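Spelled out, the chains give:
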Amino acid sequence: KQEVTQIPAALSVPEGENLVLNCSFTDSAIYNLQWFRQDPGKGLTSLLLIQSSQREQTSGRLNASLDKSSGRSTLYIAASQPGDSATYLCAVKWGAQKLVFGQGTRLTINP
Amino acid sequence: DAGVIQSPRHEVTEMGQEVTLRCKPISGHDYLFWYRQTMMRGLELLIYFNNNVPIDDSGMPEDRFSAKMPNASFSTLKIQPSEPRDSAVYFCASSLGAGETGELFFGEGSRLTVL
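Residue numbers (the numbering used here), protein chains in the order written: chain A, 1 to 111; chain B, 1 to 115.
Next comes chain A alone, as it looks inside the complex:
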């Protein structure tokens, strides 16, 4: 079964720290992996998409890496800010158009 797991479910860190969010998946034959951010009561905002042939993508203070052989992706957030507080979701596309989502990591940045 193709599954996506995100650990931990919640993370709280002081402002200014660099942090890493983890995503693992069960089948390495992926099409792509996408990281989203979700604020309370809001929709999902796409942060980064890594294609199967890529190893990483960067956008501002965010860097996402992909290691298909180990079934892992990480989202690195540099110099965290209170505005980064949200739930971060990882989603993997294995075929057709079906994205399978992890349960998310709820991130709190403390001022």
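Please keep in mind that the hints were generated in silico from the structure rather than gathered at the bench.
Be a bit skeptical, because a hint or two may be false.
[Stated by the list, open to error] Chain B side only, calculated, beta carbon under 10 Å to chain A, not exhaustive:
id, residue
1, MET15
2, PHE33
3, LEU43
4, LEU45
5, SER95
6, GLU103
7, PHE105
8, GLU108
9, GLY109
Only a predicted model underlies this, so the values are computations on that prediction, with no experimental measurement involved.
The beta-carbon is built from N, C-alpha and C at its ideal position, and this holds for glycine as well.
Position chain B against the provided structure of chain A, taking the given hints into account.
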């Protein structure tokens, strides 16, 4: 572009009533998806369309759920009759292309409460 637009944002209804949720995808996108999000089950794909044609509806929970896409700029998700267990946030999303590309963009969601 205005992004994916959903309506209504909030819907409160009584058990047995018909509910219709609406979605306008991003102009030019050829894929449209309906997801449901609950605390217990997370995000679940209900159905998706390609060029207005339903491709996979295996995630639709029951015959009470139906979805249509009459044209490239409009889709509906209908629940008839609604039940309390249908309470959730329903998201519409769209993307352009398939394969390795095809970044998914979500609407703000429709929060449904069935009493």
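Hint-by-hint comparison with the structure:
A hinted interface residue such as B:MET15 counts as satisfied when its beta carbon comes closer than 10 Å to some beta carbon of chain A; here the least separation is about 24 Å, so the hint is violated. The restraint placing B:PHE33 at the interface with chain A holds, with a minimum CB-CB distance near 7 Å, inside the 10 Å limit. Taking 10 Å as the C-beta cut-off, the interface hint given for B:LEU43 holds, the closest approach to chain A being about 4 Å. Evaluation of the B:LEU45 hint against chain A yields a held restraint, the C-beta minimum of about 6 Å falling below 10 Å.
Against a cut-off of 10 Å between C-beta atoms, the interface hint on B:SER95 holds, since the closest Cβ of chain A lies about 8 Å away. Residue-level restraint check for B:GLU103 holds (minimum Cβ-Cβ distance to chain A is 5 Å; threshold 10 Å). Checking B:PHE105 against chain A by beta carbon gives a least distance of about 6 Å; that is within 10 Å, so the hint holds. With a cut of 10 Å, the hint placing B:GLU108 at the interface with chain A holds, because the nearest CB-to-CB distance is about 4 Å.
A distance limit of 10 Å between C-beta atoms decides the matter here; for B:GLY109 the minimum to chain A is near 5 Å, and the interface restraint holds.
Taken one by one, the earlier hints fail for this structure only at number 1.
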